[in-house]
Every structure is written in structure tokens, then in C-alpha cells.
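Dock chain B against chain A, hints included.
Heads up: the sequence lines are chains A and B, in that order. In this text, residue positions in the first sequence follow the working numbering: the first is 63, and each later residue adds one. In this text, residue positions in the second sequence follow the working numbering: the first is 63, and each later residue adds one.
Worth flagging that the hints you see were computed from the coordinates, not collected in a lab. Every value quoted in this text rests on a predicted model; they were computed, and no experiment measured them. For glycine and all other residues, C-beta sits at the position ideal for the given N, C-alpha and C. Hints are supplied without guarantee of correctness; some may be wrong.
As the list claims (entries may be wrong) - Not everything, but these chain B residues come out facing chain A in the computed CB check (under 7 Å):
id, residue
1, R99
2, G100
3, Q102
4, E131
5, S132
6, L135
7, A136
8, V237
9, A239
10, C263
11, D265
12, T266
13, Q270
14, L389
Said to hold, decoys possible - Example chain A residues on the side facing chain B (calculated, C-beta under 7 Å, incomplete):
id, residue
15, S67
16, R99
17, A106
18, E131
19, S132
20, L135
21, A136
22, I264
23, Y274
Residues per chain are reported as follows:
Number of protein chains: 2
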Amino acid sequence: MSYASPLGCLRLRQALATMLASTRGLAPPADNACITRGSQMAIALLAHALLRPGDVIAVEQLGYRPAWESFRLAGARIVGIPVDERGLCVDALERMIARHPIRALYVTPHHQFPTTVTLAAGRRIQLLELARTHRFAIIEDDYDHEFHYDGRPVVPLASADTAGVVAYVGTFSKVLAPGLRLGYIAAPAPLIDQVAAHRSCIDTQGDQVLEYALAELLEEGVVQRHIRRMRREYGARRDCLVASLREQVGDHVAFTVPAGGIALWLRAKRGVDVDAWARAAKRRGAMIVTAGAYTLDRRPQPFVRLGFASLNPAELREGVRRLASALRGA
Amino acid sequence: MSYASPLGCLRLRQALATMLASTRGLAPPADNACITRGSQMAIALLAHALLRPGDVIAVEQLGYRPAWESFRLAGARIVGIPVDERGLCVDALERMIARHPIRALYVTPHHQFPTTVTLAAGRRIQLLELARTHRFAIIEDDYDHEFHYDGRPVVPLASADTAGVVAYVGTFSKVLAPGLRLGYIAAPAPLIDQVAAHRSCIDTQGDQVLEYALAELLEEGVVQRHIRRMRREYGARRDCLVASLREQVGDHVAFTVPAGGIALWLRAKRGVDVDAWARAAKRRGAMIVTAGAYTLDRRPQPFVRLGFASLNPAELREGVRRLASALRGA
Numbered sequence: 063m064s065y066a067s068p069l070g071c072l073r074l075r076q077a078l079a080t081m082l083a084s085t086r087g088l089a090p091p092a093d094n095a096c097i098t099r100g101s102q103m104a105i106a107l108l109a110h111a112l113l114r115p116g117d118v119i120a121v122e123q124l125g126y127r128p129a130w131e132s133f134r135l136a137g138a139r140i141v142g143i144p145v146d147e148r149g150l151c152v153d154a155l156e157r158m159i160a161r162h163p164i165r166a167l168y169v170t171p172h173h174q175f176p177t178t179v180t181l182a183a184g185r186r187i188q189l190l191e192l193a194r195t196h197r198f199a200i201i202e203d204d205y206d207h208e209f210h211y212d213g214r215p216v217v218p219l220a221s222a223d224t225a226g227v228v229a230y231v232g233t234f235s236k237v238l239a240p241g242l243r244l245g246y247i248a249a250p251a252p253l254i255d256q257v258a259a260h261r262s263c264i265d266t267q268g269d270q271v272l273e274y275a276l277a278e279l280l281e282e283g284v285v286q287r288h289i290r291r292m293r294r295e296y297g298a299r300r301d302c303l304v305a306s307l308r309e310q311v312g313d314h315v316a317f318t319v320p321a322g323g324i325a326l327w328l329r330a331k332r333g334v335d336v337d338a339w340a341r342a343a344k345r346r347g348a349m350i351v352t353a354g355a356y357t358l359d360r361r362p363q364p365f366v367r368l369g370f371a372s373l374n375p376a377e378l379r380e381g382v383r384r385l386a387s388a389l390r391g392a
Numbered sequence: 063m064s065y066a067s068p069l070g071c072l073r074l075r076q077a078l079a080t081m082l083a084s085t086r087g088l089a090p091p092a093d094n095a096c097i098t099r100g101s102q103m104a105i106a107l108l109a110h111a112l113l114r115p116g117d118v119i120a121v122e123q124l125g126y127r128p129a130w131e132s133f134r135l136a137g138a139r140i141v142g143i144p145v146d147e148r149g150l151c152v153d154a155l156e157r158m159i160a161r162h163p164i165r166a167l168y169v170t171p172h173h174q175f176p177t178t179v180t181l182a183a184g185r186r187i188q189l190l191e192l193a194r195t196h197r198f199a200i201i202e203d204d205y206d207h208e209f210h211y212d213g214r215p216v217v218p219l220a221s222a223d224t225a226g227v228v229a230y231v232g233t234f235s236k237v238l239a240p241g242l243r244l245g246y247i248a249a250p251a252p253l254i255d256q257v258a259a260h261r262s263c264i265d266t267q268g269d270q271v272l273e274y275a276l277a278e279l280l281e282e283g284v285v286q287r288h289i290r291r292m293r294r295e296y297g298a299r300r301d302c303l304v305a306s307l308r309e310q311v312g313d314h315v316a317f318t319v320p321a322g323g324i325a326l327w328l329r330a331k332r333g334v335d336v337d338a339w340a341r342a343a344k345r346r347g348a349m350i351v352t353a354g355a356y357t358l359d360r361r362p363q364p365f366v367r368l369g370f371a372s373l374n375p376a377e378l379r380e381g382v383r384r385l386a387s388a389l390r391g392a
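Next up, chain A with everything else stripped away, as it sits in the complex (with noise of 0.2 Å):
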């Protein structure tokens, strides 16, 4: 009885690196890359190999709060940084260095994770120049590269990465199904390798047909076919929630449309409770997560966060109804 390298099978390493080549700039080696069951996995073997208890991560907050639970099961201690309408707050961050050290950062630079901004071209440069320079590692989660709409996607921070301070994670499981767990880190051989020792101690090996299923639909173009359909579809969807919002609940709240992503992140005017509103919305039948649940002490902020991925342009116009009904009735 023989098992599958905890890599991930060859095969898949390597059209993931030609697609990695083609559509972010980024030219792994595929033995840089591993395989894994989705980013969770990735990220919580990211944390294994990168922190040790007492250790410090930085993360984005508003932030991804299942990141978060990886990081403290390393035992790590983790410290918010501020994020505006340019992405992470680089100065924020170098501020928070100068007085206590970091092992590592975690953030979601492409379409910012709750909040859908790109980090900013001049904050991209000045975060690799301080992990360069303060020797700490950048996890970046590019978990929705493929839904951009306006111009082409943002290449990585990985792409630019010179010193090697980056470790890469995608997936395709939003590209796919959500019940299809496949996604990889892109990183340096050192780090790689770690994560491949740790991969075979929590789990012997992924799923190899799975895995040699995905290469082949790489290698012919079917899943490159397949995110261009839903980028238009996904953009469509954007363009129609966008427009109902401003039809039917302009007045109560403020928004600027994202050039990517799966969700709109809206700002509620003066006057609104948000927590009250998704309460009324949610007796409706409608779903809406309000800022708290995206912060490490979950207080109140007045955002929330819609996802329009998964509802057609019919559901998602009755979703604004049920808001707005919900917003007059809160």
C-alpha cells in the first residue's frame, strides 16, 4: 500500500503553476506548490509552520474571522490593523511594528475580506519593503481572484515578492463548489516543505481523483471557460444589486461599487441600527452579516456586508425588497 505525495499530485502542481503563470504573474516551481483541502487547511497549515505559541500575527480588521481560529490555534497572539478605502493600513502597521515585533500578517489584498477594497499599488510596495526589512511573513489570501470585473485582476503581492516573505494561498472551491475542497499555497521551498510534513500528520493525502480531475480541466481550458462565464454572470449580478440598492434603499445607505469580489459592502446612514435591520431582514427571509461579526471584540459597526454570488438577478432584486420592507419596519 503506497500513498500520494502530501504535495498533491504532480500532475495538478503543474498546470496550477502554468495557470498561476498565465493569469497572476507568479511562476511557482511545482514543487513550491502544495495542494490542500480549500484555504482553511491552507491557512491553518500556514499557521502551524510559521508561529509558535506567544507569537504575533497582524491581521485586517474588519477581518476573516476563521483565519483568526487558525492563528490561535497555533497558540499565536493576534493584533488588529486598521483597513480605509485603500486596503490595509500600511502606516497603521508599521507604527505597531516599531513597538512590538511580528511573526507573520494575514491579509486579503485583491478584494479585502469583509470590506471588497484593493490594497492600494504604493501600500503594496511599502508592505513588502517591511516584511523585507523586519524579516516577518505575509500570508496573502487571494481567496476570490478570479471575480474581477472592471479591467484585469490585481496581481499578488506574491508576484513581486523578491525576498520571499510571501506565502500565497487560492482556491478553487468558489470556482467549482463549495463541497469541493481544493485549494494550494504558492510559497518558498523551505515553507513548503514544512507544510508538507505537517499535511501528512493531520491528513495522509487529498483526494486523488479529485485532484487529477481538476489538472485535466486545467490543462484543456474547461475551468479557464468556466470562470469567464461567471465573471460576466458574477458581474451582471453586481451591476443588478448595485442597481436596486440605489432604487430602493439609497437613502439609508452609502456604498462604493467594488471592482471585484462576490459581495457589496455597504455603509448605513445616520439613523440606521444595522443589527436591528438584518434581525428584521432576517424574519423576511433575507441575509444580511453586519460588521461585528468581521471584528476581534465584535462591536457594533454600521456596515454590513451582502454576498451576490449565489442569487440570480431575480433574487436578488426580491432580496432588496425584503431590505427595504425590513429597513422601514426595523
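Relative to the frame of chain A, chain B by itself:
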């Protein structure tokens, strides 16, 4: 987008509970079971839930190294307890505990790995009593429960556990295919809750299609029929290997015919260097594993393990012929 339960699909847990009740005298409610990706993930999850850095876990020595890796990952200190022809030496464990408290014990009582012996009935009672008195957890790995040829399989320690100290680990990967990662833990509810929380942190969910498929195959009795066929086939393979060994290398090795399991455990007689034998066998295309692989210190011992499950009778006879040739040429 919503995800499945971190415990695994309910229908599979129900089918599993029915199977455990009828084959092992174990009747965990479906909520006391967690489906995992093979026994490796089960052991890693239990290690994380039970052990804190510095905790001591006792293991069988000779024993199963990949489990030890999981315990080390959790920061535990590993202490080896000897195994004799009646399984784990529970007296030795008791003497050890008198000096150093332990947090957990990892044990393979059915067909001890790698020596294939079954833990004697008296020792089972003594062990459960010891765990109850000294409040340590028992991780019972019953990795090849199904493969028992002489009489009925021995029921697990877990079936006599009235104190809630045993976490039972089983797997379908050996029954179906090593590439299908399907194992499980049956354990008291508080422990299962911890396991589930950790599971969703390292791997959002299992393979839903696979889990539903296995549930259906269990409900329809297909797995059970397959096991009966495998048991006949593997029993015949064991007998074939035994006969070939007696005929061709009987002067150089001694062994007890195991009542179950998927391997034979041979003691090399005086004058046989097992590592030289293994190297000579490998050159002839026959793989045997020597005892050093199953020790904490990798110190050589005059034993080898011969797996027979994956070879048909003709292959087994040819394999033994090569072993005999290697013995002459070693």
C-alpha cells in the same frame, strides 16, 4: 453558501452507529461520532484535543510511528511501554504511572501494530480500571478490526468503557481503498465537540459525495458483504504465507499465526541479521520492514513484519521464494 457539519454527514454517522452496534458492541449516538479523513486525521484531532505541550502520552513500543508524529505535533512527550505476546504490558504501564502521571495512552489492542498480538482479556480489564483511577484518556486505534479470521473479532475496549475514558478510532480506508480517506472517532460528547471545532479549523468539511455514498453502501449491506469476502480472501492469503514461510524459511524464523490483521510478525533466529536480510530482499524486489521502524530510538531488533493483504497467493509464494534467496545471499 453553507457548509456541512464538521462531524460529517448525519446519515453516515447513523449508518456507522448501526454498524458499530452490530459488529463491536459499541453504540455511540450519531452525535458522539465524527467522520474524519482516515485514521491519521482522527489521531491528529484527538492529539490536539487531549494533549497540551509538556503532557505525557504513553504508547506501545513497538508501535505505530505516524501516530507518534501527531502526538509530537501537539507538543506531548512520548513514553514507550513494552509489548509482549499478550499485548501491551499493563503492569509496566502501571509502574510508569506511579512515577509520572500520563494524560493519555495510545493503544492498538485488537491486532497490535506491528506485532499483531491481541491484548489479553485480563489486561483489558486492568487497563480500563487504571485509566478510570488515574484519569487518563485511552486512544484505541482499531485500524483493522474487520480482518479477523479465527473466531469472531474481539470487541473493543470502548465497548466496556463505563467511565467515558476511551476514544475509539476506526477506518474504512483499509476496507475500501487507501485512497478513500474515510475514518471516524467515536467518543464521549464533550471530546467530540472539541474534535469537531478543531476539524472545521483545519479542514472545513469532508467529501460529501463520498460520505453519502458510503452511508448508502452501509445501509444496503454492500460494505458488510465486501468485508466478508475480504475476510475469506485475506484469511487464505495469511494461510498461504504461513505455509510458504514454514516450507522455505522455517529454519531461520519463528512466528505465531495471528488470529487476524494484515501482516505476520517474524522473529529471526540467531545468526540472521534482519537489516541485511531486508536489504538483500529489496534488491530482489521483496519488501520487508524490520523492527527498528517501530521503535522510538530506531534500535535494531530481530523482528520483521510481512504484510500479506495486498498480494495474491502466487505473489506471496514468489515473495517468500525471494526472501529465502535473500536469506541465503544476505
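Here is what the structure says about each hint:
At a threshold of 7 Å, the smallest CB-CB gap from R99 of chain B to chain A is about 5 Å, leaving the interface hint in force. Here the hint on G100 of chain B is kept, as its CB sits about 5 Å from the closest CB of chain A, short of 7 Å. Evaluation of the Q102 of chain B hint against chain A yields a held restraint, the C-beta minimum of about 5 Å falling below 7 Å. A least Cβ separation of about 5 Å between E131 of chain B and chain A falls short of the 7 Å threshold, and the interface hint therefore holds.
Contact between S132 of chain B and chain A, as hinted, is supported at the beta carbon level, the nearest pair being about 6 Å apart and thus within 7 Å. With its C-beta approaching chain A no nearer than about 6 Å, L135 of chain B sits inside the 7 Å limit, and its interface hint holds. Residue-level restraint check for A136 of chain B is violated (minimum Cβ-Cβ distance to chain A is 10 Å; threshold 7 Å). A least Cβ separation of about 13 Å between V237 of chain B and chain A goes past the 7 Å threshold, and the interface hint is therefore violated.
Nearest Cβ of chain A to the Cβ of A239 of chain B: about 10 Å, over the 7 Å cut. The hint is violated. The beta carbon of C263 of chain B is positioned within 7 Å of a beta carbon in chain A (closest approach about 5 Å), and the interface hint is therefore held. For D265 of chain B, the suggested interface contact is upheld, since its CB lies about 5 Å from the closest CB of chain A, less than 7 Å. Given the 7 Å rule on beta carbons, the hint for T266 of chain B holds: about 5 Å separates it from the nearest Cβ of chain A.
Hint status for Q270 of chain B: holds, given a least beta-carbon distance of 5 Å to chain A, under 7 Å. The interface hint given for L389 of chain B is violated, since its Cβ lies 25 Å from the closest Cβ of chain A, which is over the 7 Å cut-off. Restraint check, S67 of chain A versus chain B: the minimum CB separation of about 13 Å is more than 7 Å; hint violated. For R99 of chain A, the shortest C-beta to C-beta distance to chain B is roughly 5 Å, which falls under 7 Å, so the interface hint holds.
Interface hint status for A106 of chain A: upheld, as the beta-carbon distance to the closest one in chain B is roughly 4 Å, under 7 Å. Taken as an interface hint, E131 of chain A checks out: its beta carbon lies about 5 Å from the nearest beta carbon of chain B, inside 7 Å. The beta carbon of S132 of chain A is positioned within 7 Å of a beta carbon in chain B (closest approach about 6 Å), and the interface hint is therefore held. Evaluation of the L135 of chain A hint against chain B yields a held restraint, the C-beta minimum of about 6 Å falling below 7 Å.
With 7 Å as the threshold, the beta carbon of A136 of chain A stays out of range of chain B, its nearest partner Cβ sitting at about 10 Å, so the hint is violated. Annotation: I264 of chain A was flagged as interfacial toward chain B, and the flag holds, the nearest CB pair being 4 Å apart, inside 7 Å. For Y274 of chain A, the interface hint is violated, the least distance from its beta-carbon to any beta-carbon of chain B being 11 Å, above 7 Å.
In this structure, the hints that do not hold are numbers 7, 8, 9, 14, 15, 21, 23, in rising order.
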